[in-house]
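Listed in order, the protein sequences are those of chains D and A. Reminder that position 85 of the first sequence reads as 85 in this note's numbering, one-by-one numbering, no gaps. Here this note's numbering runs 190 ahead of the position in the second sequence, where the first position is 1.
To be clear, the hints were calculated from the coordinates, so they are not data collected in a lab. Quick caveat: nothing in here was measured; it's all calculated off a predicted structure. C-beta atoms are modelled at their ideal positions from N, C-alpha and C, and glycine is treated no differently. Keep in mind that a hint or two might mislead.
Using C-beta positions, here's what the derived DEER-type ranges look like [as the list claims (entries may be wrong)]: (1) D:87 to A:303: 28 to 38 Å; (2) A:284 to D:168: 22 to 32 Å; (3) D:184 to A:317: 49 to 59 Å; (4) D:155 to A:203: 48 to 58 Å; (5) D:88 to A:324: 51 to 61 Å; (6) D:66 to A:196: 53 to 63 Å; (7) D:181 to A:220: 47 to 57 Å; (8) D:95 to A:218: 25 to 35 Å.
Here are the chains, one letter per residue:
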Amino acid sequence: MKKLIFSIALFTIILTACNNNSTSTAENDTTKSDESAITADAGTSTSPIKGIVDGYLQLSQALAQDNDKNAAEAGKNIVATMNRLDKSSFTAEQTKVYNEIEVDAKEHAEHISANVGNLKHQREHFDMLSNDVYDLVKTFGAGQTLYQANCPMYNNNKGANWLTASKEIKNPYMGTEMSSCGTIKEELNN
Amino acid sequence: MRGYKRILPVLIIVFIGLQFIPSVRNQSGQMAINDISRIYNVPKNIHAVLVKSCYDCHSNNTNYPWYANVQPFRYWLDHHVEEGKKELNFNDYGTYSKRRQSNKLRAIGSSITDDTMPLSSYLLLHREAKLSEEEKSQILKWVEDTRGSLLGSR
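Input sequences plus hints: build the corresponding full structure.
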């Protein structure tokens, strides 16, 4: 009988504990995103997707340095930026492209922010996010010159692209191990 | 021992009370018109594996185990199903954008390669859902082939 009581009690405690935990993280998320919303709004943005590009470049830099925590932080910033993006000024074409990309890109950013300690997984989503951001930049412009670079070795030699603000290669897929591996493929000038 | 005698009724009442937490079954019973098998060519054997090992959490139709009728297990289970469907719902695949469909396919492949899916906590009580090496390679090949044909059709 003792055992039964104990196990019921223990189970209830575990469940409540798990539950509390997830709610408190969610609350933290909202507070954080509010803060960054203020800082980002202070600057005047030239491109409507400037916030996303900034978060993306921050993310790329973190991955190039094998820094999973900063990568997660950047992912969080991208999600926050996307959540408060004002779509009202978009043209029909821009709206179409953005809607096609939105859920996908946000999901990648969320995964990156939730995967501290798993650089491999963060990079996999960075790869897919890079395609999204490339298409966004093609449609909206980045408000700055960006380059598309290619890493031929990543993902079992299937290769992957990323965007960078400088011609100097700092490979986000291979990290510090092969930092300078990669080539510039295209200049995105807008 | 006195203390136990007082606490016991309370615990029993709490346990009974928990059983009244309302929960809706994840069983739509409707034709899944946006199921992945309507979007891609999914061979029967592949679809059977997906249904067996993935659909409990990644579709609109969960095959509930007996303990799903008991709280707080049910609460825990519902949470898993909710998370799973948010991440990937095979029944809603057709509603995803083309790029998300292709990316989900890739994620299916890597979760199998990395052995992150099916979840080990799920396999603990669903031994039949464990993928054999052969099933794994069949799915991986299907993922590769399907992704290849998508790139070709672009």
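Now the hints, each set against the structure:
Checking the proposed 28 to 38 Å range against residue 87 of chain D and residue 303 of chain A shows it holds: the Cβ atoms sit about 37 Å from each other. As the Cβ distance of residue 284 of chain A to residue 168 of chain D is approximately 43 Å, the hint placing it in 22 to 32 Å is violated. At about 51 Å, the CB distance of residue 184 of chain D to residue 317 of chain A agrees with the hint of 49 to 59 Å. Separation of residue 155 of chain D from residue 203 of chain A is about 56 Å and conforms to the stated range, judged on CB atoms against 48 to 58 Å.
Separated by about 53 Å at the C-beta atoms, residue 88 of chain D and residue 324 of chain A satisfy the suggested range of 51 to 61 Å. Separated by about 56 Å at the C-beta atoms, residue 66 of chain D and residue 196 of chain A satisfy the suggested range of 53 to 63 Å. At roughly 50 Å, the beta carbons of residue 181 of chain D and residue 220 of chain A sit within the given window of 47 to 57 Å. The hinted range of 25 to 35 Å is satisfied by residue 95 of chain D and residue 218 of chain A, whose Cβ atoms lie roughly 31 Å apart.
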